[in-house]
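2 protein chains.
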Amino acid sequence: MTKKKFTSSYVGFIDLKYKPNLRKEFIVTYRVQPAKSEKFTTVAQAIAGESSIGTWTHLETLSPAVKNKLQPHIFKVDQKRKFIKIAYPLALAELGNLPQLLSFLGGNIFSMKIVDKLRLEDIEFPKKYIDSFPGPHHGIKGIRKILKVKQRALVGSIIKPKVGLSPSQTARVAYDTWRGGVDIIKDDENLTSMSFNNFKKRVKIILKTKGKVEKETGEKKVFVFNITGPADLAFERAKYVKKQGGKVIMVDIVAMGFSAVQFIRKQNLGLIMHGHRAGHSMFTKLTDQGMSMLVLAKLSRLAGIDQLHTGTVVGKMEGTAHEVDTINDFLKEDAGEIDYLKSDWSNIKPTMPIASGGLHPYLAESLIKILGTDLIINFGGGIHGHPDGSYAGAVAARNAVEGASIGAPLKKYARNRPELKKAIEYWQDVKN
Amino acid sequence: MTKKKFTSSYVGFIDLKYKPNLRKEFIVTYRVQPAKSEKFTTVAQAIAGESSIGTWTHLETLSPAVKNKLQPHIFKVDQKRKFIKIAYPLALAELGNLPQLLSFLGGNIFSMKIVDKLRLEDIEFPKKYIDSFPGPHHGIKGIRKILKVKQRALVGSIIKPKVGLSPSQTARVAYDTWRGGVDIIKDDENLTSMSFNNFKKRVKIILKTKGKVEKETGEKKVFVFNITGPADLAFERAKYVKKQGGKVIMVDIVAMGFSAVQFIRKQNLGLIMHGHRAGHSMFTKLTDQGMSMLVLAKLSRLAGIDQLHTGTVVGKMEGTAHEVDTINDFLKEDAGEIDYLKSDWSNIKPTMPIASGGLHPYLAESLIKILGTDLIINFGGGIHGHPDGSYAGAVAARNAVEGASIGAPLKKYARNRPELKKAIEYWQDVKN
Chain U
-8 MTKKKFTSSY
2 VGFIDLKYKP
12 NLRKEFIVTY
22 RVQPAKSEKF
32 TTVAQAIAGE
42 SSIGTWTHLE
52 TLSPAVKNKL
62 QPHIFKVDQK
72 RKFIKIAYPL
82 ALAELGNLPQ
92 LLSFLGGNIF
102 SMKIVDKLRL
112 EDIEFPKKYI
122 DSFPGPHHGI
132 KGIRKILKVK
142 QRALVGSIIK
152 PKVGLSPSQT
162 ARVAYDTWRG
172 GVDIIKDDEN
182 LTSMSFNNFK
192 KRVKIILKTK
202 GKVEKETGEK
212 KVFVFNITGP
222 ADLAFERAKY
232 VKKQGGKVIM
242 VDIVAMGFSA
252 VQFIRKQNLG
262 LIMHGHRAGH
272 SMFTKLTDQG
282 MSMLVLAKLS
292 RLAGIDQLHT
302 GTVVGKMEGT
312 AHEVDTINDF
322 LKEDAGEIDY
332 LKSDWSNIKP
342 TMPIASGGLH
352 PYLAESLIKI
362 LGTDLIINFG
372 GGIHGHPDGS
382 YAGAVAARNA
392 VEGASIGAPL
402 KKYARNRPEL
412 KKAIEYWQDV
422 KN
Chain Z
-8 MTKKKFTSSY
2 VGFIDLKYKP
12 NLRKEFIVTY
22 RVQPAKSEKF
32 TTVAQAIAGE
42 SSIGTWTHLE
52 TLSPAVKNKL
62 QPHIFKVDQK
72 RKFIKIAYPL
82 ALAELGNLPQ
92 LLSFLGGNIF
102 SMKIVDKLRL
112 EDIEFPKKYI
122 DSFPGPHHGI
132 KGIRKILKVK
142 QRALVGSIIK
152 PKVGLSPSQT
162 ARVAYDTWRG
172 GVDIIKDDEN
182 LTSMSFNNFK
192 KRVKIILKTK
202 GKVEKETGEK
212 KVFVFNITGP
222 ADLAFERAKY
232 VKKQGGKVIM
242 VDIVAMGFSA
252 VQFIRKQNLG
262 LIMHGHRAGH
272 SMFTKLTDQG
282 MSMLVLAKLS
292 RLAGIDQLHT
302 GTVVGKMEGT
312 AHEVDTINDF
322 LKEDAGEIDY
332 LKSDWSNIKP
342 TMPIASGGLH
352 PYLAESLIKI
362 LGTDLIINFG
372 GGIHGHPDGS
382 YAGAVAARNA
392 VEGASIGAPL
402 KKYARNRPEL
412 KKAIEYWQDV
422 KN
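As given, the protein sequences belong to chains U and Z, one line each in that order.
Just so it is clear: in the first sequence, position 127 is 118 by this note's numbering, and no numbers are missing.
Just so it is clear: in the second sequence, position 302 is 293 by this note's numbering, and no numbers are missing.
Same shape as in the complex, but just chain U (with noise of 0.2 Å):
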């Protein structure tokens, strides 16, 4: 026997005079913590390669016809600041299946053992695979025709406590939370159909409630029913929801998967899809593992969410200000510019983000000012817990994010606005 010399395949994907091509490739940065004693241009070569067309060790079955075709290039490698990007061919992704891209590029080289840490920083994605997937039905847009609200900042607020209420009690909060001049109201996310609040009684009482108070304040409302669950049930429940009337459908993105959402979203019951996130930071909290919210607000563009938790900057949950200030702007964009190193999102509608989780009203104006007002501010403990309940916390929330949304110094505005006044005085220095 002759004995072979043992190869890897993972070579020959370095070339940094490659120049990328947004019409036929997908353009993917990653950040590269190489394990100890691993050089970066070996791990970067492994990273293009096991996500593609390589493996550990020399293939027989690889010919140069499959390699020159599907072969990635790692265009810029930059040590110093551990960032790779790689242009892939498009003939890698299935269109119109995100689970697919997620095996694809977020899959088994986050457990190759010669990566420390890896981070999927971003993907640029070609025009043919973006048009292959519907995006939001309604679109910001499209949801404030719904809620005929042109300018201002939307107000939300979640039912707390977050369980334990039943439907009537539910209902009960929805009535002084909208009569208080909130538009939508949420579910919390630990809600579904439970032993003490099941959903398709929450559905209907709630409908029925929201038409009297449409009637009352001659104003436009929505409530979203948390349809997470299995991917049947979730659209067993989400036709329930159309069939009583309701408008608005929350899918928790992460907890769920995009196969569900994806699915639910192709049905096309003309719902506003609002996207939740429960669980994202697992794997999107630490900058130099997993994936970043950027990348994950851009899978949930593509699948159809029409309105997405982003983060808020100054409430009770992670977010820096530039972090989120890039989501968004990216989720709001209209028309793509045309740049071969950027996306073209021009076939697929905005969607609108939303600040959750420790907010107040006195928050709103440092909000609005950092995030603008193409958002829906949702207010949980932030109305429930005012000191007058939730009908005076509503309308010192409406308050607050209507004098932020026109640049109203709030506190001089709050001056003959009691509940606002109060609110503010209440919760000032809580920063959360």
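Honestly, I wouldn't trust all of these hints.
No copy is singled out in the list; a pair is fine if it fits within one copy or between any two copies.
[Claimed, not checked] Calculated pairs, EDC-like style, for lysine to aspartate or glutamate (alpha carbon to alpha carbon, straight line, at most 16 Å):
no.	residue 1	residue 2
1	K422	E29
2	K257	D223
3	K108	D279
Simulated from the structure, these hints should not be mistaken for laboratory data.
The hints should help you fit chain Z onto chain U, whose structure is shown.
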């Protein structure tokens, strides 16, 4: 206006004398790294509260009755080792709904600013919760019955290169590989339905080839078709596999999400569900952030995964011997011990663990010593990278697994087995 004092509702959850009860509670273990300047016990209570009935502020809408019924109890606080254990009432979960469980136990708590790092280490489930899931259709015994292999570990192979081959090229590689002695061949995780390899064409030609090989060898073979995609498409492809006479489908559990995995299982097609886990390392790899692979394995068994990738110990992917061993022991566990702190899985079939990633035949020896023979050992490059090609590689892999399954020292066992001998000579120093 009387000014009320602001208080958090994240309080009153620690009770070190509390006796948890698995008949009506979940027992959940978190590893907690508080943010700087935060007290460990404050953070522990914020975690317990945010995942159940609490929020950052006192709530006017939270009644003592709700609090009594649904409040969590932190019954163990180990500040030194950074662990806490919480008992949560069963009523906080919806039966049969894994995405809801993830939003509840693996959700917003990971985003709280007062938490620096957090890891969901383990969940013990009330029996009523476990019994609301179907679990695997076939389990270990069912898989062995279909393949007619009683004792030894099963020999698997992934077609390589991962992507690029046409359906007929794939079938040719599969033919050689099965003929050489492999039991199970699978699509790689990046391969679904591609421009160069259509799913239905692949299923048809592969199953025809399978029939041919079964006749020639007198052995049973299976092919694992990757249906990963939007839930509707995945289901359609699963039905196609069944209609064409296939027996196994692969779902990428993280890339798809449990919503769709549960949906596919509930259709009761009678197919073996092969669980790949591309991307899990985004949140399982670090020991102080995200979720343990053990939890992911438990959720997979509930959802109905018959065979699950859990780690190789010795291959190119992450996973220590202790970790993989613990996970595999759980998956293979036939009847639960009666222990008030340990769940009773007696109504749910065991799941067969898969070792996959960077394996070559010589590694079968140490692998089986560590993990036992109720195991599928997958060789990709370790078969198709054999100096004499896929057939020789498959012969070597089958010999290695047969030898190692009866405890034979492989180098000696290889003396009159030339393919295995060559594989050992070629790769023996490659530890990956």
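Against the structure, the hints come out as follows:
{"no.": "1", "hint": "K422 to E29", "result": "between (43 Å within a copy, 15 Å between copies)"}
{"no.": "2", "hint": "K257 to D223", "result": "both (13 Å within a copy, 9 Å between copies)"}
{"no.": "3", "hint": "K108 to D279", "result": "both (6 Å within a copy, 13 Å between copies)"}
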